[in-house]
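Number of protein chains: 4
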Amino acid sequence: MIHTTEIKVKFSDVDPLHIVWHGNYIRYFEDGREAFGEKYGLSYLDVFANNLVTPIVNVNVDYKSPLEYGDTALVETTFIETPAAKIIFNFKIFNKKSNKLVATGTSTQVFLDSKSKELFWTNPPFYVEWKKKWLGI
Amino acid sequence: MIHTTEIKVKFSDVDPLHIVWHGNYIRYFEDGREAFGEKYGLSYLDVFANNLVTPIVNVNVDYKSPLEYGDTALVETTFIETPAAKIIFNFKIFNKKSNKLVATGTSTQVFLDSKSKELFWTNPPFYVEWKKKWLGI
Amino acid sequence: MIHTTEIKVKFSDVDPLHIVWHGNYIRYFEDGREAFGEKYGLSYLDVFANNLVTPIVNVNVDYKSPLEYGDTALVETTFIETPAAKIIFNFKIFNKKSNKLVATGTSTQVFLDSKSKELFWTNPPFYVEWKKKWLGI
Amino acid sequence: MIHTTEIKVKFSDVDPLHIVWHGNYIRYFEDGREAFGEKYGLSYLDVFANNLVTPIVNVNVDYKSPLEYGDTALVETTFIETPAAKIIFNFKIFNKKSNKLVATGTSTQVFLDSKSKELFWTNPPFYVEWKKKWLGI
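Chain order of the listed sequences is E, S, W and U. According to my numbering, the stretch in the first sequence is residues 2 to 138, in order. According to my numbering, the stretch in the second sequence is residues 2 to 138, in order. According to my numbering, the stretch in the third sequence is residues 2 to 138, in order. According to my numbering, the stretch in the fourth sequence is residues 2 to 138, in order.
No lab work stands behind these hints: they were computed from the structure. Be aware that a few hints might be false.
Just so you know, same-sequence chains aren't split out, so a pair can sit in one copy or run between any two.
Below 30 Å or equal to it, Euclidean Cα-Cα: the simulated BS3-like pairs (lysine-lysine) are [stated by the list, open to error]: (1) Lys-87 <-> Lys-40; (2) Lys-134 <-> Lys-9; (3) Lys-101 <-> Lys-133; (4) Lys-65 <-> Lys-98; (5) Lys-93 <-> Lys-65; (6) Lys-101 <-> Lys-116; (7) Lys-93 <-> Lys-116; (8) Lys-101 <-> Lys-9; (9) Lys-132 <-> Lys-93; (10) Lys-134 <-> Lys-40; (11) Lys-133 <-> Lys-97; (12) Lys-133 <-> Lys-40; (13) Lys-9 <-> Lys-40; (14) Lys-101 <-> Lys-132; (15) Lys-9 <-> Lys-98; (16) Lys-133 <-> Lys-116.
From a predicted model like this one, the values you see are computed outputs, not experimental measurements.
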C-alpha cells in the first residue's frame with residue numbers, strides 16, 4: 002500500500018541556507034501519512050473516532066539532496082506490515098521537477114486508548130478490522 | 002504593568018533573507034504575553050484553571066527593523082486597561098545588543114467559557130478579581 | 002485583482018484548544034499572497050529576479066471564527082491599489098465547507114534593493130511595469 | 002563533552018493531544034546543538050565564519066514520554082567522536098521537574114564549502130583545529 006502526495010515548498014519552510022529547514026521534513030512525513038490515512042481510513046480523525054490515539058514513538062530521516070523555494074515535493078508513503086501493535090510507514094521524498102531523491106525516512110506509531118492513555122500491547126479491534134479489510138490478514 | 006522577556010533568535014526562526022521570518026513575531030508576542038501572565042497570574046494555565054479560554058481576536062504588527070540569527074530580542078509587554086471584557090496588550094520588541102526598536106504591536110483577547118465556548122460580554126469573575134488585585138479597580 | 006487559494010489544515014497547525022493556532026494565519030496569508038504572485042508575476046522569486054526584496058512592514062489579522070483539523074481554508078487575496086511605493090493585500094479566509102468567514106486581514110510590503118537593502122521611496126521600474134501591464138496605470 | 006540547555010515549552014509547541022508535537026523535538030535538538038556550539042566554538046556562525054556549512058544528513062528521535070505545556074525540557078547534548086568528516090551528537094531530553102526521560106536521539110552533519118557547496122570527504126582544517134583544541138587529538 003503506497004500513496005503519493007504533493008507538497009509545495011513554502012517561503013516559511015526555507016532556512017538561511019536557502020533550503021527547506023531539515024525539521025520541516027517531519028511535517029512533510031506527517032502530511033504524507035495523513036494523506037495515506039485519509040485514503041485508507043487510517044487518519045488521525047479515523048483512529049480518534051475509534052477512541053484511539055497513535056503517538057509517534059520513533060522517527061528517522063536521511064537527507065539526500067536539498068529542496069529549495071519554488072520546488073514541489075512528492076512524498077511517497079508506504080505502509081510496512083508488522084505483527085506488532087504498531088503502525089510503521091516508510092517515506093521517500095522526491096523533487097517533482099528533477100525526480101531526484103530528496104530524503105527517506107520512517108515513522109513508528111503505537112496505539113493508546115484516547116481516554117485512559119493506556120498502551121495497547123496487541124492490536125486494538127479497530128486495527129484488526131482495518132488489516133482484514135485492506136490487507137486480507 | 003510592564004514585563005520584559007528575552008528571546009534568543011533560533012536558526013529555524015530565520016528566513017532566506019537572513020532575518021527573522023515576519024510570522025515568528027506572533028510567537029514572540031505570545032512568549033511576552035505568557036511571561037507577563039506567569040508573573041501576574043494571567044497565563045493560559047491560570048485562566049484555564051478558572052474554566053476560561055482567551056482566544057486572540059486581533060493581532061497587529063508593525064515591523065521597524067530586522068532581527069538576525071545571533072540576535073536576542075527583548076519583548077516588552079504592556080497591559081492596556083479597558084473597561085471592555087477584553088485583554089489588550091501592547092508589545093515593543095528591541096534588539097538587545099543595539100537597543101534598536103524592531104517591532105511594535107498589539108494583541109486583543111476575549112473570554113470564552115472553556116466548556117460551553119460561550120463569549121463573556123462582561124468581565125468574568127476571575128478577571129474582575131484579577132483587576133481588583135493588580136490594578137485596584 | 003483577486004485570487005483564491007485552498008489550504009488544508011494540518012495536524013501541526015492546530016493548538017491545544019483544537020483550533021488553528023492564531024499565528025499560523027500569517028502563513029496562510031503568505032500562501033495566499035504567493036499564489037496571487039505566481040498567477041500575476043509578483044511572487045517572491047519574480048521580485049527577487051528583479052533585484053528586489055519586499056519585506057512585510059505591517060500585518061493585521063481579525064479572527065472571526067475558528068478552523069479545526071479536517072477543515073479546508075479558502076484564502077481570498079485582493080490587491081489594493083495605492084500610489085505609494087508599497088504592495089498592499091487584503092485577505093479573507095473562509096471555511097470551505099461552511100462558507101463561514103474565518104478571518105480578515107491586511108499585509109503591507111515595501112521595496113528594497115536586494116543588494117544594498119536601500120528602500121525605494123517611489124515605485125521601482127519593475128513595479129511601474131507591473132502596474133502598467135495588469136492595471137493599465 | 003556534554004552541554005545541557007533548558008527549553009520552556011511554548012503554547013505553540015503543543016498539539017491537539019496537549020503534548021509537544023513530535024516534530025518540535027527536532028528544534029529542541031537544534032537548540033541543544035547550538036547551545037553546545039556557542040559554548041565550544043562550533044555554532045552555525047562559527048562554522049560559517051570559516052566558509053563552511055554543516056547540513057544535517059540524518060536525524061533520529063525516540064519518544065519516551067510526553068512533554069506538556071508548562072513543562073521545561075532539559076536537553077543534554079553529547080559530542081560523539083568519529084574519525085569520519087562528520088559531526089555527530091547524541092541528545093537526551095528530560096522533563097526538568099520530574100527528571101523523567103522524554104526523548105533520545107542523534108543528529109549527523111557533514112561539512113560543505115559554503116560557496117562551492119562541495120562536500121568535504123576528510124575533516125576541513127577548521128574542524129581539525131577544533132578537535133586538537135578541545136579533544137587533544
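Outcome of the hint check:
1. Lys-87 <-> Lys-40: Result: close within a single copy only, 19 Å intra versus 40 Å inter.
2. Lys-134 <-> Lys-9: between (33 Å within a copy, 27 Å between copies)
3. Lys-101 <-> Lys-133: neither (36 Å within a copy, 38 Å between copies)
4. Lys-65 <-> Lys-98: Within one copy only: 16 Å inside, 38 Å across.
5. Lys-93 <-> Lys-65: Result: close both inside a copy and across copies, 10 Å intra and 25 Å inter.
6. Lys-101 <-> Lys-116: Between. Shortest inter-copy distance 22 Å satisfies the 30 Å Cα cut-off; intra-copy 43 Å does not.
7. Lys-93 <-> Lys-116: between (34 Å within a copy, 28 Å between copies)
8. Lys-101 <-> Lys-9: both (15 Å within a copy, 26 Å between copies)
9. Lys-132 <-> Lys-93: within (23 Å within a copy, 35 Å between copies)
10. Lys-134 <-> Lys-40: within (13 Å within a copy, 43 Å between copies)
11. Lys-133 <-> Lys-97: neither (34 Å within a copy, 34 Å between copies)
12. Lys-133 <-> Lys-40: within (16 Å within a copy, 46 Å between copies)
13. Lys-9 <-> Lys-40: So Lys-9 and Lys-40 pass the 30 Å test inside a copy (20 Å) and across (15 Å) alike.
14. Lys-101 <-> Lys-132: Answer is neither; intra-copy 33 Å and inter-copy 35 Å both fail.
15. Lys-9 <-> Lys-98: both (12 Å within a copy, 23 Å between copies)
16. Lys-133 <-> Lys-116: So Lys-133 and Lys-116 pass the 30 Å test inside one copy only (26 Å; across, 39 Å).
Of the numbered hints listed earlier, those contradicted by the structure are 3, 11 and 14.
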